[in-house]
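Chains as they are written, first to last, in the working numbering: chain A, 632 to 954; chain B, 8 to 342; chain C, 8 to 342; chain D, 10 to 515.
Keep in mind that the hints were calculated from the coordinates and are not lab data. Treat the hints with care, as some may be off.
[Unchecked claim] To give an idea of the chain B side of the interface with chain A (calculated C-beta under 7 Å), a few residues:
#: 1; residue: Thr67
#: 2; residue: Leu167
#: 3; residue: Gln256
#: 4; residue: Ala257
#: 5; residue: His264
#: 6; residue: Leu267
#: 7; residue: Asn311
#: 8; residue: Leu314
Computed from a predicted model, the values in this text were never measured in an experiment. Backbone N, C-alpha and C fix where the C-beta goes; we use that ideal spot for every residue, glycine too.
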Amino acid sequence: TSNEPEKPANTGQTGAAATGANAAPGATVTIGFSAPAADHGWIRAITDNAKAQAAKYSDVKLTQVDAGKDAPAQIAALEALIAQKPTVIVLLPQDGAQLTATGRKAMEAGIPVVNLDREFSDAAASFTLIKGDNYGMGVSAGHYIGKKLRGRSDAVIAEIAGIDSLPLTQDRSRGFKDTLATYGLRVTNRVAAQFTVQSGQDVTANLLQAAPKIDAIWNHDDDQGVGVLAAIKQAGRKEFFMVGGAGSLDAMNHIKAGDTPLEATVTYPPTMASSAISLARLIGQGKGLSDLVELQVPKLIVLQSETITKENVDKYIPLGFKS
Amino acid sequence: MTATTVGVTAHSGWWRSDRSEPVRRNLGLVAVLLILYTIGAITHPEIFLDADRLWSNELTVLKQASSIGVITVGMTFVMIAGGIDLSVGALLALASVWCTTLATQSYGVGVMIFVALAVGAGAGVVNGVLIAYGRLVPFIATLALMVAARGLAQKISGKLTQINTVDALNQIAIDKVLGIPVLVLIMLGVGALGWLLLNRTTFGRHTFAIGGNPEAARLAGIPIRRHTVMLYALSGLCCGIAALIVTAQATAGSSDHGNLYELQAIAAAIIGGTALSGGRGTIVGSLLGVLVFTQITNLFIINNLQLEWQLIAQGAIIVGAVLVQQFRVSQLRRN
Amino acid sequence: MTATTVGVTAHSGWWRSDRSEPVRRNLGLVAVLLILYTIGAITHPEIFLDADRLWSNELTVLKQASSIGVITVGMTFVMIAGGIDLSVGALLALASVWCTTLATQSYGVGVMIFVALAVGAGAGVVNGVLIAYGRLVPFIATLALMVAARGLAQKISGKLTQINTVDALNQIAIDKVLGIPVLVLIMLGVGALGWLLLNRTTFGRHTFAIGGNPEAARLAGIPIRRHTVMLYALSGLCCGIAALIVTAQATAGSSDHGNLYELQAIAAAIIGGTALSGGRGTIVGSLLGVLVFTQITNLFIINNLQLEWQLIAQGAIIVGAVLVQQFRVSQLRRN
Amino acid sequence: MTENVLKLTDVVKTFPGVKALDGVELEVNSGEVHCLLGQNGAGKSTLIKVLSGVHRPDGGRVEWQGAEVTFASPQAAMKAGIATIYQELDLVDGLTVAENIFLGNEPRTLGFVHRSRARRDATAILARLGHPEIPAAREVGKLPSAAKQIVSMARALSREARLLIMDEPSAVLAHDEVANLFRVIRELTAQGIAVIYISHRLDEIREIGDRVTVLKDGRTTAANLDARTTPTRELVGRMTGRSIEYVFPPRPEVAQRGEPLLTVDGLSRAGEFADVSLTVHSGEIVGIAGLVGSGRSELLETIFGARKAHGGTVTVDGRSLRPGSVAAAVRAGLGLAPEERKSQALILADPIYRNVTLASGGRFTTAGFTQAARERAAVEPVAESLDLRPRDVRRPVRTLSGGNQQKVVVGRWLLGGTRLLILDEPTRGVDVGARAELYQVIRRLADEGVGVLLVSSEVPEVLGLADRVLVMREGRVVREAPATELDEHTVLDLVMAGSLLEGSLP
Ligand SMILES: Nc1ncnc2c1ncn2[C@@H]1O[C@H](COP(=O)(O)OP(=O)(O)OP(=O)(O)O)[C@@H](O)[C@H]1O
Ligand SMILES: Nc1ncnc2c1ncn2[C@@H]1O[C@H](COP(=O)(O)OP(=O)(O)OP(=O)(O)O)[C@@H](O)[C@H]1O
Ligand SMILES: [Mg+2]
Ligand SMILES: [Mg+2]
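Excised from the complex, chain A in its bound form (with noise of 0.2 Å):
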């Protein structure tokens, strides 16, 4: 699913750009935008879309800021970034609470920060947060499975975690805990991988290995799915069916055809990146959401994970981005 050259169109671009009276152009919003470096499918998406959305808007200049190595580095990258004055900063941070004391910095400098995803320690560092929900995608793919295995307390359920010392990692697996619990249901083996398509493969290989009989697995990362899915079909195992998360093109085209145990993938939309700098021109220019009456935008977005399925696959597509 890649080689044919860039189109945003096909990396989780929603199309629509702002509606109603915000969609008139307003003053010029110079937004600050900083991301870790795009060395993963759903970054990629993330900068993709922002720069996108940018560019949809006569009134918005983008400035782009690599976010360097590490936190200290990004925190570095942004403390430059801060004395260039911009009137929005869009932070995703390498790591929420290492870049907490920064985005205070900002606010405290009258800049505006939007804290996109990975979430500060202390809510006043942001102006706006709007941030997928991992918790809430352990939960969707809880209920998928939970739903199917209702009442085998001895079903076997597999979890392919993504890169483990990350905590959106820890929050992922207890959402899927938790959730599996209320049907009486439990993870019987998990393994990390590290979002990349080999660590998949590996630890997939050795997972079937360890458990001859599966019910049913729950892979964190659509990225590193490719090579989860890759394993299964080496091992010629089938007996079980597979929820996905993230929502990548590979694994809604894989639902659609129906072609591997994966029947389902709870979403973690990069579109979030789109709809975050839209909200930064507003906030840029003082407006609130059209379709809200408050004259502010709200303190709090936290975006759905839905589950995409056979049934509901085909009004995603659009928006699976490229892994």
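Since chain A is already given, all that's left is putting chains B, C and D with the ligands on it; use the hints.
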């Protein structure tokens, strides 16, 4: 520090065939593997005491070891000659991406294989030339390629996973010959060829000589520079082979493939008795080293250990493993 | 006897002071830095040709370099003695996590500092003992700690970022003394002390001796094992200091801190003229090496280059840098 | 006044598989120079390593100044007042002369080294050794091998020792340097310091020694012989168990020189040697005499392509050799036995046979595959002819005695196929018996038509073995003549003329 070993090696069992110390080392590693199996048998008898499941589990371990195994063979040559190759992981990624572009895929499996090997070997030659003729220290030269090759791989792939639609290639990750997975056979084949090249040809002799005493090798008329280039080309070639393995396993090429392979390969070689300072090393030892590491991961997953415990245990096991080895070797020294 | 005088003086370069080759190397690195500045001046005159912005930019570069710089000083000692320390990054993480647990924070900054240094040095001693008395090769011993220490850090922190609420510590990332950021002063201080220790004390002499010719060192009655332990303890101590720096910068302790620091530190030391085989190396060179790498990153960020281009460029620059150096050194050799 | 300081009774030291020392008796008195004599591999170095705490004896008594001792470490021995100059240079190349001399006991306060004092003291000691010109601030790695030897002597002297052990200190020294060394030794013994002196050169032993103890196969075969009066026959007999009639093989009456094999024309390297021209005919042995540092090694290495010439040409039977390419030289049939065996010639961890066959490329392969058996078969006779001991060619070279290692270096080019043999100090550290053997071998090769180019700091060796002799001084050839027309005195005058002019000879 080499210092600590000096006193010891100075009188180590010289009178036996010069091969015997390595042999002991390898026996040590076999012992380590047996210990790992025992742990497996205790924690999961249903797998490790059931012939069929043990067999299929070990085949999986070997399959998962195959790519790093092939790379370690090349690494062993480089290290015996006193060098080091940090670029292996990146070269693997580059080769895998290059051989899975839509363009390449359209030419079919033959061309894909050729491209992977050519890219690997070619990049290896670059390493070798920088080192032999540019006089860069191997660490820096290969570090440069480690970084640049990844970048290039990302450029080519646009950081996207390049699904491989050529089944002929994907199939080698599935097929078996006489019950043995093709990937395993590839690893064993590369190992066997490597063993011959290292122990039964002048190329191997010269490799040892260059690592043991470069000046002496030079004054004995060995064309050191040419040899160096060939060594890194060999390592690069192994990366190309490994790239095909990984591409088949992942059914895709990606600039993320082979992440941290350099560290794993070097560690496996050293555990296997290859000296970072050159002059010593065996293919068998290196492959056993790889197996130890892969078996450890397998055990962790089977016992579904939490990440932090995996790491702590791994550190402990590495230390334990080497101590077990040393015990066998010192036995040799004593009598 | 005068015969030797004849032979000796007949030889070129004979009368030059000896440290002159390292000096040339370092001049080479300075040249590289100047080239980097020139690139900066061309691509972004508004920064590199504006005294104030250049000054503040370079201070940022130095601040970003401080943690890795401190670690590289310790690494230089270890490498000069012929060793290597892969655990530095993990030890940094462990120390940062340990000194930012709620419990530790409650005791205030003094205890936090003590804990960080103690954890670092303590883990370093473990490295040293494994190597000197357990006879593990440094690569493997420190690899084991590299893995285990990260695991332990994750265990302690529960894989959560530990916000540091003790402002006294966070402040050092902000404060300046006479216009120089405290972090930079710390790095320079550690560098200066390291230089003294290496070039003016018996400890330094013995470090060179052990790396240069372990057997000779032993015959000269140097207690190699004890010295080895002290060396790794020193490296660990530097990790502790670096941990404090990073914790202050990130305003938090985390098990992800110091990722890949080992590679960067080793690379910087080698670029700075330290031999992986031991016996050669300078503190100044190592720090210049660190600066080169940090300056490169800074240039990338300023030009906000895409990741893939960053990597490709970095590879090219590394090769270029070393060639520039070699040019200066070979000049020395020629006359 | 001369009381006994050291007494060894029945000392035994076994290395896995070999009894290096098998009941050694030794008595050393204060103020005497006690010489140890023995063939290569007899156990001399092992013995002194036992004395200096490097090895622990497996049995026997060591009495030091009356009390029984076993030294746990080199430190312990040094503290007790025993200083040692080891056979293999034990210096750290990366450190300066001063740093090496005081390594392990630096003058210091609170760990800080007094560098200026160290340098001053070092210079003083070097001056006392007659080498004020060796700069204390110089990196040892950049010194000539001879200068290195002086430095390790200085190091031994820097410790106030009651017993000074010297393991073949003169091996790398040229004639006048030895005189110097002896002067120092006499000063020491005058102060009542005891000296154990190991050398394979009998004339030296006669000149400096008081008493001699002879070792054979790790046993004392004769103790406390008088160094001056004991007849050579007896000494050699005790050492080798046989008697060696003549040393140098007779030259063929009519020097039947064949075709010119090697022609060197106006060869130069800045700062090393200038405008050297020489010819070696097949079947001819050409010797080069000169002092340490006179540029002979560089000349040889340049001819061999190991160093790039700055000017001049090297031609091997008519065809000019590609400069700076050792491989080309070897292909043309040249072979070099370099000067420093450990750093330039041997792969210590590898077995003897591999070191010997290192340069023979694919010669012992069938279908591209090496065959250890064939190699060993080819190496055995070489080991035989050089009297390598022990004979087992599968031993790592590391475990060989110094002299035997040297034989391996030379042996590499005796496998046949070499048409011009270049020998740089080939007999360095080789015992009397083996020397004779080696001379025989070299002459036999010459008779078979091989050309030989020989460098040695032992003038008698050059005169005795070579057909034609070149004398080098300060990198230039100052005289060329048939060996028969020269005698030791003339040659020494020639090589030292320069320094005579400076009038700075002691
Ligand atoms: N002044 C010097 N600086 C550096 N190296 C030197 C110097 N003088 C001599 N050497 C080295 O020491 C060794 C011996 O010196 P050289 O070859 O010049 O004289 P030689 O006649 O070969 O003396 P020798 O009998 O020691 O071989 C050679 O390897 C040479 O490179
Ligand atoms: N480390 C070692 N391991 C095994 N054997 C050894 C070792 N060191 C010496 N030997 C053996 O011990 C014997 C005595 O060696 P030693 O070096 O004492 O001889 P030597 O008298 O010094 O000879 P040379 O005159 O050539 O220096 C030799 O057979 C040698 O091979
Ligand atoms: Mg000896
Ligand atoms: Mg010489």
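Here is how each hint holds up against the structure:
1. Thr67: holds (5 Å)
2. Leu167: holds (3 Å)
3. Gln256: holds (5 Å)
4. Ala257: The hint holds - Ala257 of chain B has a Cβ within 7 Å of chain A, the shortest such distance being about 4 Å.
5. His264: holds (5 Å)
6. Leu267: violated (9 Å)
7. Asn311: holds (5 Å)
8. Leu314: Hint on Leu314 of chain B: holds, closest Cβ of chain A at ~4 Å, below 7 Å.
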